[in-house]
Amino acid sequence: MRGWLAQRFHKLFEREAALYKEIVARIGAYAGQYKDLSDLLHFVEERTTDALGLRRLKILVEPEPWVQEVLEHSKQNEWQAVEDEAVLVDHGFRLAYPLRREDKVEGLVAVDAASASLTPDVRSIIGLLADQVAIAID
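For the sequence shown, the working numbering assigns the number 57 to the initial residue and increments by one for each residue that follows.
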């Protein structure tokens, strides 16, 4: 049993690390490969949703009022992820990470997934991707 668990965790880690490397490489090549930012964001949304088994992941950079409200919740909690807030649930999401680089906030990554899919490792990957996307936007 222990060997089986170790093998499963290893495969999960490899999959998530590969996703992270691929997306970071695409972000690094952003200036030369993508016609505009929306192409890159769409790629990140699709690839991350698929690879992590999420229902939906959306990168929101438009200053919609509800996005600003979620960002304010995050700011009040030292820029931590926001989870299961009514404003998120009302828009079909469970979890959101701010797109933040230093003191500049660009938007947020909103996620909808089954509770079982939102493991600590998956949350870490999404948080790291939010940081990389913020760098690409900046």
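Do not rely on the hints blindly, as some may be mistaken.
As the list claims (entries may be wrong) - Within a straight-line C-alpha distance of at most 27 Å, the following computed BS3-like cross-link-like pairs (lysine-lysine) qualify:
#	residue 1	residue 2
1	Lys114	Lys77
2	Lys114	Lys131
3	Lys160	Lys131
Note that these hints are calculated values from the structure, not bench results.
To see whether the hints hold, each was checked on the structure:
This hinted pair checks out: lysine 114 and lysine 77 have alpha carbons roughly 20 Å apart, not beyond 27 Å. Simply put, lysine 114 and lysine 131 have alpha-carbon atoms about 20 Å apart, close enough for the 27 Å limit, and the pair holds. Distance hint between lysine 160 and lysine 131 is fulfilled; the C-alpha atoms sit about 12 Å from each other, no more than 27 Å.
In summary, the structure agrees with every hint in the numbered list given earlier.
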